[in-house]
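Engineer: Listed here are the chains, written in short residue letters.
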Amino acid sequence: MNQSNLIEKRRLGLVLAGALAISVLASGCSSTQHHADASGSVSGTESAKGESHEYLLTVTRPNNLHVIDMESHHITRSCDIPGSFGGQISLSPDNRTAYILSNGMENVYGLNIETCEQVFSAIQSTADVKVKTFVSIAVSSDGAELYTVQNPVRRLKDEFKVMSPVLAVFNTEDGLNARPVRTFPVDRRITTIAAAANGEVFLGGGDLKAINPKTGEIRMVSALQSEDRPRWLTPDAFAMFNLGEQANEYILPYVTAEFADDTMNFETAAWWWGMNRVDLATGKNQRMEFAPFEFIIFNLVADPNDKNIVYGAFNTISKHDVKNKKVLGVKDLDHTYYNINISGDGQRLYIGGTSSDISIHDHESLEKIGSIQLPGDMSTADLRVARLPH
Amino acid sequence: MNINKPNRTSRSVLLKGGALAWAQLAALSGLLTMATVSSAGDAQQIIRDRCLSCHSETGDRQAPFSRISQQRKTPEGWEMTLQRMQAIRGLKISPQEKRTLIKYLSDTQGLAPAETEGVRYVLEQNRNAVESLENQAIAGKCSVCHSGARVALQRRSEPEWEKLVHFHMAQFPTIELLAGARDHDWFEQTINEIVPELANSYPLNSTQWSDWKTVKKQPLTGSWRAVGWLPEKGEYEARFTVTALDSDYYNLDIRGKYADGSPLSGTGRALVYTGYEWRSNVTINGIKMRQVFAASEDGLAMEGRMFLRSANELGGAVRAVRESPDRSHILSISPSYLKQGERSVINIIGSRLYGKIALGHDLKVLKILSRSADRVSVLAEATEGASLGKHPVSIGSANGGYLAVYDRLARVEVTPTESIARVGGNGGKLAKQKVAYRAVGYAAGNDGQPGTEDDLRLGYMPAHWSLKAFDEVAEHDKDLLFAGTINSVTGVFIPGDAGPNPARKMSTNNVGQLAVVATVKDGNQQVSGDNHLLVTVPTFMFPVIQ
Numbered sequence: 001m002n003q004s005n006l007i008e009k010r011r012l013g014l015v016l017a018g019a020l021a022i023s024v025l026a027s028g029c030s031s032t033q034h035h036a037d038a039s040g041s042v043s044g045t046e047s048a049k050g051e052s053h054e055y056l057l058t059v060t061r062p063n064n065l066h067v068i069d070m071e072s073h074h075i076t077r078s079c080d081i082p083g084s085f086g087g088q089i090s091l092s093p094d095n096r097t098a099y100i101l102s103n104g105m106e107n108v109y110g111l112n113i114e115t116c117e118q119v120f121s122a123i124q125s126t127a128d129v130k131v132k133t134f135v136s137i138a139v140s141s142d143g144a145e146l147y148t149v150q151n152p153v154r155r156l157k158d159e160f161k162v163m164s165p166v167l168a169v170f171n172t173e174d175g176l177n178a179r180p181v182r183t184f185p186v187d188r189r190i191t192t193i194a195a196a197a198n199g200e201v202f203l204g205g206g207d208l209k210a211i212n213p214k215t216g217e218i219r220m221v222s223a224l225q226s227e228d229r230p231r232w233l234t235p236d237a238f239a240m241f242n243l244g245e246q247a248n249e250y251i252l253p254y255v256t257a258e259f260a261d262d263t264m265n266f267e268t269a270a271w272w273w274g275m276n277r278v279d280l281a282t283g284k285n286q287r288m289e290f291a292p293f294e295f296i297i298f299n300l301v302a303d304p305n306d307k308n309i310v311y312g313a314f315n316t317i318s319k320h321d322v323k324n325k326k327v328l329g330v331k332d333l334d335h336t337y338y339n340i341n342i343s344g345d346g347q348r349l350y351i352g353g354t355s356s357d358i359s360i361h362d363h364e365s366l367e368k369i370g371s372i373q374l375p376g377d378m379s380t381a382d383l384r385v386a387r388l389p390h
Numbered sequence: 391m392n393i394n395k396p397n398r399t400s401r402s403v404l405l406k407g408g409a410l411a412w413a414q415l416a417a418l419s420g421l422l423t424m425a426t427v428s429s430a431g432d433a434q435q436i437i438r439d440r441c442l443s444c445h446s447e448t449g450d451r452q453a454p455f456s457r458i459s460q461q462r463k464t465p466e467g468w469e470m471t472l473q474r475m476q477a478i479r480g481l482k483i484s485p486q487e488k489r490t491l492i493k494y495l496s497d498t499q500g501l502a503p504a505e506t507e508g509v510r511y512v513l514e515q516n517r518n519a520v521e522s523l524e525n526q527a528i529a530g531k532c533s534v535c536h537s538g539a540r541v542a543l544q545r546r547s548e549p550e551w552e553k554l555v556h557f558h559m560a561q562f563p564t565i566e567l568l569a570g571a572r573d574h575d576w577f578e579q580t581i582n583e584i585v586p587e588l589a590n591s592y593p594l595n596s597t598q599w600s601d602w603k604t605v606k607k608q609p610l611t612g613s614w615r616a617v618g619w620l621p622e623k624g625e626y627e628a629r630f631t632v633t634a635l636d637s638d639y640y641n642l643d644i645r646g647k648y649a650d651g652s653p654l655s656g657t658g659r660a661l662v663y664t665g666y667e668w669r670s671n672v673t674i675n676g677i678k679m680r681q682v683f684a685a686s687e688d689g690l691a692m693e694g695r696m697f698l699r700s701a702n703e704l705g706g707a708v709r710a711v712r713e714s715p716d717r718s719h720i721l722s723i724s725p726s727y728l729k730q731g732e733r734s735v736i737n738i739i740g741s742r743l744y745g746k747i748a749l750g751h752d753l754k755v756l757k758i759l760s761r762s763a764d765r766v767s768v769l770a771e772a773t774e775g776a777s778l779g780k781h782p783v784s785i786g787s788a789n790g791g792y793l794a795v796y797d798r799l800a801r802v803e804v805t806p807t808e809s810i811a812r813v814g815g816n817g818g819k820l821a822k823q824k825v826a827y828r829a830v831g832y833a834a835g836n837d838g839q840p841g842t843e844d845d846l847r848l849g850y851m852p853a854h855w856s857l858k859a860f861d862e863v864a865e866h867d868k869d870l871l872f873a874g875t876i877n878s879v880t881g882v883f884i885p886g887d888a889g890p891n892p893a894r895k896m897s898t899n900n901v902g903q904l905a906v907v908a909t910v911k912d913g914n915q916q917v918s919g920d921n922h923l924l925v926t927v928p929t930f931m932f933p934v935i936q
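First to last, the protein sequences are chains A and B.
With the first letter of the first sequence counted as 1, position 234 gets the number 234 in our numbering; the numbers rise by one all the way through.
With the first letter of the second sequence counted as 1, position 77 gets the number 467 in our numbering; the numbers rise by one all the way through.
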């Protein structure tokens, strides 16, 4: 390893140590959303040709959903979201309704992004049971059902009792004050989830599993914490952001290490970024290590036109050839950005989160080509793309 | 207790945030504004009046209240509990009632002196203690977010430890998603494996506590001789005159002087919890300070730390003994080293220092420069062939301490060896968190190799202080330019200003990794030692117990 790589790697160690001490935002990326194209084909190029119009959606403090025109890069509309800040977003198949997990990870609000009208709400907690949902929000491919993973804790007179998590299924047609129509037990520690065209809901947790939301039947998709892989570190899989709609896939990234021998020496191990990526059209998963851990990749997004190319962001923006495990480019950023998304034509990358600006980058050079200033901090909000006919 | 006792092998530095806020420290400090003597009946009635909307009476006289009666804590621990109940559980309680409850609960459900040994650094607000708890249950789970000492200073029944885990899940829902937690069944493992271990290591009922309850507690009135050290001021000696205002409540008068001869005087009030936990607020030469001491079980000695109330990272260790006509003590010898073939002024501080001055074999008292019952100053000489090692010192019947005779200064240790400073100021609400360093000298010992177990500790030595980049990352990022400065004489490090700095890469804060270098002169040679200093961002949490 050359000097600059060594420095970068040691810096990473510091950043990661800090993340460990500070909060849940210690790594991650993902997607939940199927695309508007019900056939499941990779789309986006057509939109770029002008048959539809792309809008970037994100949430800023205090609690506003912004609809940003991806051609003019101006905010078209800002909608108030009830309750305290929270910005995990899942879109209806027609992209007109944004379902937002808000108010301290407890409530879901569905807003019409063309009018700001509230068309759906689910207040998950009750008087004696506090329910938290850690990012887990997804809409079925037909738009009829909304899924969350609920982590309930019962409040007794002078103590709390932790309850088992469940997948909660809501009918989107139930509108305001919707209640779950079905619940099924699921693992603890599930963060991002995604609904596939085959009806399954993929659950990103310690392992990647999929649940049939009609029956509650769960299958293992990719063992991570449960896997037995000699000379490899148990993968640390974690995702805190919903994205992937442009390539119609769900990505659960992870960090792992391949040890040189049975002594499991961390110093001499080869550290890797890996991912599970599920094609939401087919429900098929691929798992791979794709990039050496030389800088932090907090979130990943694929080129809609070439899924072998993925882009990552955090302190750097990077471009990767997945098949050949090659870093095609990496550029420093002017501050940390948690989140990343891409235009449907694959030409422009949008990186946001953390602060109040979205940085726009060219897909080839990775150079910054523009910026969108928002009225408040995005913090950990999602950065999603909606496509409307106008 | 030696607050400067580092342990390089331990891993968890107390840099984590906590749960509650600044106001807490002020709240416990506020206890000292008035006497809080109340009967047990009064205190139990406050619990009935204020706590039973959630808690309930059990009907068991030995454990009358649900949950409350299943725990034992330090005064600071009970303060945190009540503060949390006020902040997020709707407890309405007057300051006087709160003071009464903390005193009552600390006295009746506190920790025995032996139960706080080794983990008092959090009570003493030592920001640079490096934890070395052997308890793996704590190390792997609890001290990811807060000090392990916070846990080790509690005692609970097993069901109560389990309820604490459920509370954590309710209060901090993402706890199981943290790095180090999310790759295994954190909740199930904590309940099934950690809770039994905690109940075994830190049980509600213990021999130490039942024994301590039977010990007759000694009033701490009288005259105390004390020695200590404060950043920027140095070593001092003092007399504490303690008079009772009420049961466990004292007036404190302090008179003394620093090593440079400048006077030290002040007054304050002290409250004693659990029969030995001395907490006082004092004003010394116009500066508000706090004392957190533990009295010995026989009530004849106290040890702890005194620090600035406005910056509790700035403080130092204190040792005090209660004076008595039939006891004499040596409290400190300064300097505590003498080189072979050299002569030096040695100051011996203590109580009732009457009788023959004996510095040990091969050491001569050339001249007694001054002498009183409190302090003896001599010109001493070590012969060329004086035996290397520790020479016990006595004055009459007073013992304590030694002079280290050495041939050559071989190594300098900077204490604290691991340290944290935090940027601040710059118009923000949070002050800079500084660090005060001291240099400790060592001779190589019999094996002639510095850094081995037989090194001879010489004691604190005056040093010239400087900084350097800790590693190549720090050099690359020019941390030395931004992270702060150190006073070359006092060894006090002042971190840089808070906030993004456009002059740095990615406009990062003035954070950095530095090495603090102490250079000590020994004859014609200079010996340097260094440590690790992490300059980081401000903490926004100031719990009473980190």
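These aren't lab readings, by the way, just hints derived from the structure by calculation.
Mixed in with the good hints, there may be bad ones.
For lysine to aspartate or glutamate, the following DMTMM-like pairs were computed, each having C-alpha atoms within a straight-line distance of at most 20 Å [unchecked claim]:
{"id": "1", "chain 1": "A", "residue 1": "326", "chain 2": "A", "residue 2": "357"}
{"id": "2", "chain 1": "A", "residue 1": "214", "chain 2": "A", "residue 2": "261"}
{"id": "3", "chain 1": "B", "residue 1": "895", "chain 2": "A", "residue 2": "174"}
{"id": "4", "chain 1": "A", "residue 1": "157", "chain 2": "B", "residue 2": "552"}
{"id": "5", "chain 1": "A", "residue 1": "161", "chain 2": "B", "residue 2": "774"}
{"id": "6", "chain 1": "B", "residue 1": "729", "chain 2": "B", "residue 2": "764"}
{"id": "7", "chain 1": "B", "residue 1": "780", "chain 2": "B", "residue 2": "752"}
{"id": "8", "chain 1": "B", "residue 1": "868", "chain 2": "B", "residue 2": "887"}
{"id": "9", "chain 1": "A", "residue 1": "157", "chain 2": "B", "residue 2": "583"}
{"id": "10", "chain 1": "A", "residue 1": "161", "chain 2": "B", "residue 2": "552"}
{"id": "11", "chain 1": "A", "residue 1": "326", "chain 2": "A", "residue 2": "377"}
{"id": "12", "chain 1": "B", "residue 1": "895", "chain 2": "A", "residue 2": "334"}
Fair warning: this is a prediction, and the values are worked out from it, not measured in the lab.
Engineer: Take a quick look at whether residue 157 of chain A and residue 552 of chain B sit within 20 Å of each other, Cα to Cα.
Structural biologist: 16 Å, holds
Engineer: Check whether the Cα positions of residue 868 of chain B and residue 887 of chain B lie no farther apart than 20 Å.
Structural biologist: Answer holds: residue 868 of chain B to residue 887 of chain B is near 15 Å, not above 20 Å.
Engineer: Keeping to a limit of 20 Å between CA atoms, is the pair of residue 326 of chain A and residue 357 of chain A held or broken?
Structural biologist: Between residue 326 of chain A and residue 357 of chain A the Cα gap is close to 29 Å, so the pair fails against 20 Å, i.e. violated.
Engineer: Given the hint that residue 161 of chain A pairs with residue 774 of chain B, does the C-alpha gap stay at or below 20 Å?
Structural biologist: Not satisfied, since the Cα-Cα distance of roughly 73 Å exceeds 20 Å.
Engineer: Is it true that the CA of residue 780 of chain B sits at most 20 Å from the CA of residue 752 of chain B?
Structural biologist: Holds, because 12 Å separates the two Cα atoms, which is no more than 20 Å.
Engineer: Verify the proposed pairing of residue 895 of chain B with residue 334 of chain A, using a straight-line Cα cut of 20 Å.
Structural biologist: 8 Å, holds
Engineer: Regarding the pair residue 729 of chain B and residue 764 of chain B, is the alpha-carbon distance no greater than 20 Å?
Structural biologist: 26 Å, violated
Engineer: Does the structure keep residue 895 of chain B and residue 174 of chain A at a Cα separation of 20 Å or less?
Structural biologist: 51 Å, violated
Engineer: Would you mind confirming whether the straight-line C-alpha gap from residue 214 of chain A to residue 261 of chain A stays at or under 20 Å?
Structural biologist: With Cα atoms ~46 Å apart, residue 214 of chain A and residue 261 of chain A exceed 20 Å; violated.
Engineer: Is residue 161 of chain A within 20 Å of residue 552 of chain B, Cα to Cα?
Structural biologist: 10 Å, holds
Engineer: For the pair supplied as a hint, residue 157 of chain A and residue 583 of chain B, is the alpha-carbon distance within the 20 Å limit?
Structural biologist: Judged against 20 Å, a Cα distance of about 26 Å means the pair is violated.
Engineer: With the threshold set at 20 Å, check whether the alpha-carbon distance from residue 326 of chain A to residue 377 of chain A stays at or below it.
Structural biologist: Violated - the C-alpha atoms of residue 377 of chain A and residue 326 of chain A are around 34 Å apart, more than 20 Å.
In this structure, the earlier hints numbered 1, 2, 3, 5, 6, 9, 11 are contradicted, and the remaining ones agree with it.
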